[in-house]
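Undergrad: Protein chains in written order, with UniProt numbering: chain A, 1 to 414; chain B, 1 to 414.
A portion of the hints provided could be inaccurate.
If chains are identical, the list can't say which one is meant, so a pair holds when it fits in one copy or spans any two.
No more than 25 Å apart at the CA atoms, straight line, and that leaves these computed lysine to any residue pairs for SDA-like [what the hints assert, rightly or not]:
#1 K321 x P289
#2 K321 x V17
#3 K321 x L244
#4 K321 x G410
#5 K321 x R12
#6 K321 x R16
#7 K321 x H333
#8 K321 x A331
Simulated from the structure, these hints should not be mistaken for laboratory data.
None of the values given here were measured: they were computed from a predicted structure.
2 protein chains.
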Amino acid sequence: MTTFTDQASDARLAARVLATAARAEKDTALHAMAAAVLADTATIMAANAEDVARAEAAGTDAPLIDRLRLTPERIEAMAAGLVDLAGLADPVGDVVRGWTNPNGVQVRQVRVPFGVVGIIFEARPNVTADAAGIAVKSGNAALLRGSSSALHSNQAIMAALRLGVAEAGLPVDAVQLVEGGREVTGEMMTARGLVDVLIPRGGAGLINAVVQGATVPVIETGTGNCHLFVDASADIEMALAIMLNAKVQRPSVCNALETLLVHADIASRFLPRALEALAEAGVTVHGTPDVAAYSAAVVPAGPHEFDAEYLTLDLAARTVKDLDEALAHIAAHSTGHSETIVTADLASAERFVAEVDAAAVLVNASSRFVDGGEFGFGSEIGISTQKLHARGPMALPEMTSTKYVLTGRGQTRA
Amino acid sequence: MTTFTDQASDARLAARVLATAARAEKDTALHAMAAAVLADTATIMAANAEDVARAEAAGTDAPLIDRLRLTPERIEAMAAGLVDLAGLADPVGDVVRGWTNPNGVQVRQVRVPFGVVGIIFEARPNVTADAAGIAVKSGNAALLRGSSSALHSNQAIMAALRLGVAEAGLPVDAVQLVEGGREVTGEMMTARGLVDVLIPRGGAGLINAVVQGATVPVIETGTGNCHLFVDASADIEMALAIMLNAKVQRPSVCNALETLLVHADIASRFLPRALEALAEAGVTVHGTPDVAAYSAAVVPAGPHEFDAEYLTLDLAARTVKDLDEALAHIAAHSTGHSETIVTADLASAERFVAEVDAAAVLVNASSRFVDGGEFGFGSEIGISTQKLHARGPMALPEMTSTKYVLTGRGQTRA
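Just chain A, with the same shape it has in the complex (with noise of 0.2 Å):
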């Protein structure tokens, strides 16, 4: 029976050729990749109809399961996302700066791969071939565990996989799913010196798990509790519409907005309407007193209420009396993802901008711009809410590390 640790030493052996693979190779496997899926279209909806019918049968939610299900479409959109990977830059051998010592020593910082990245994450399917592809593309090799729901599923989608890495050339271990019961999660996170980096990819709840079991070093990509403070001077019209955009143009992703925080000053002229505009798109909004005054839709605020990530056609609000009592709430409440304000005051921007804690911090725009699609990476990993390595979204340079070349003619030191 293969372990773990026999995984996780071919995957060591497999990113030492990967490591060193050019860019050239590397598309090469990923087009092989993609094509590999396509053509057993008919056999990953074969397994993710396995997946399904079991998770119908135990009763599971129509939204978890629409996660889980595949068509055709979701099919080849996870091919054409290996084909965009292919199309992207290699972070890999990039010099990050370089210089030359007094004494005629070159230095060199260059970008490298991690090694073996350990990716823990729940029941998307589609995430099996998109962490595989941004793994394969950074010069890592991937141990790739997903949830027991959706095992067939991945199964399948890792075997098409595989076979594109081994039609490329390239070590076919470089991609593997860790299979086995929940012990196995416990040997991947405590594996140092066989893991280099785990990755956590799902809810609150699998990230706590990975930080408090972890001692392999983690890059959390964490939840939002986004905020949208409208100052007082704020424009009411691109307040409504920054706030509605954030709330409501995708409310499941962690870009989204949870907290609405508003001025007293502006509350009389700002709240009626928001508090409409929120109703008529379908949003609950759970206030406090203050705000319940504006409008009989309000829902009282329970005591977690600021403190929940909602993900759904939900929203937390009150009012405050000052920037400064934004801001303490939101040092009180944030997740360190995404915060807002709107304001037409400089010195408000200002403060802002310098005292909140966060990946992202916006002037008058909406947290949806929070995303590696829209900053152009082309990828994205996850949003790191962590402040070591990378913070904000990370695509395809921070899942790498570096390392120091240093090129002399027998110099030593005095």
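Based on these hints, arrange chain B on the given structure of chain A.
TA: Same frame as chain A, now just chain B:
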């Protein structure tokens, strides 16, 4: 009684002020800290004498006592280090990159402090001033946990540092000494949300304990089992000079040479001279039989000898049959710090640089150059041997994170 949580909460409040302090304010504080340390020389010396007397009574080894002992010169050096920091560029506020999205939203990635940095370190009391200075300069609040053997020295130094911080008008809790029993170290390692980053500075035992116990993100400043591979094509004079410099110039540091690998084809010409030179320099060579064949002074290498970080005038040595065997040996035994090849062959140099997985890889130069000072960084918090965030010498920019600032005129996502 002040608990660790109280201290950390005070540090967070101080960090909010430090994060937006101008460079001039921080530099003023560094000068005031230096002046206060000098003014308190007598008090610090008296406190240190108490620590040294206790250590001597406890039968502590002479080298440890030497590291613990302060002299007026060492106190002057501490103060000079703080003044030097004032002269360095401030990384905070640097715009790492920036662009304007097609929709007109402006994006900037800006350097910001981590917030609260915890540093856990061993005997040397000068680390207290050094780490506090680096934290203040990089806009971070520092929680410093020194060893109990240096408690009185650290208390006296910290009192002076805090006086300087307060005189300069910055919050005094920007720098704090964390006292108390072992359980406090545990609290510090698991203080997620209060401590942003933890940096252990010390031996392998300390670093391992922190890595195993911490849920706060850790930057490892690691141990160095540094290798030198003398290739078949090496210039023998160059190889001898680099070997001696890397081993002997300062054996107690992490970038010193610990393992010598000699290509079998050059062994009969290189090893007799190398062993003679090492013996003259007082180095004990722990060798395999193929090395011992050249000198009776060679001690047989024990089973774990090739994994040792001696930090003394000892050196493990073996021959290898080719570059592949050298690469395999390094892959199996390296701690990922600094690895060197001496060669005249371009292909060997290129393979070594590409395939060795370490913070620094050197061709024809001494590993003693892998150092923040030698790199021109001006200060160094340590040399990271991990792959996340920072790898190699860590200076002021490595003590920061980044924040994305997005500025629009009401843009929303389509």
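Undergrad: Starting from the hint list further up, note which numbers the structure goes against and sort them upward.
TA: none
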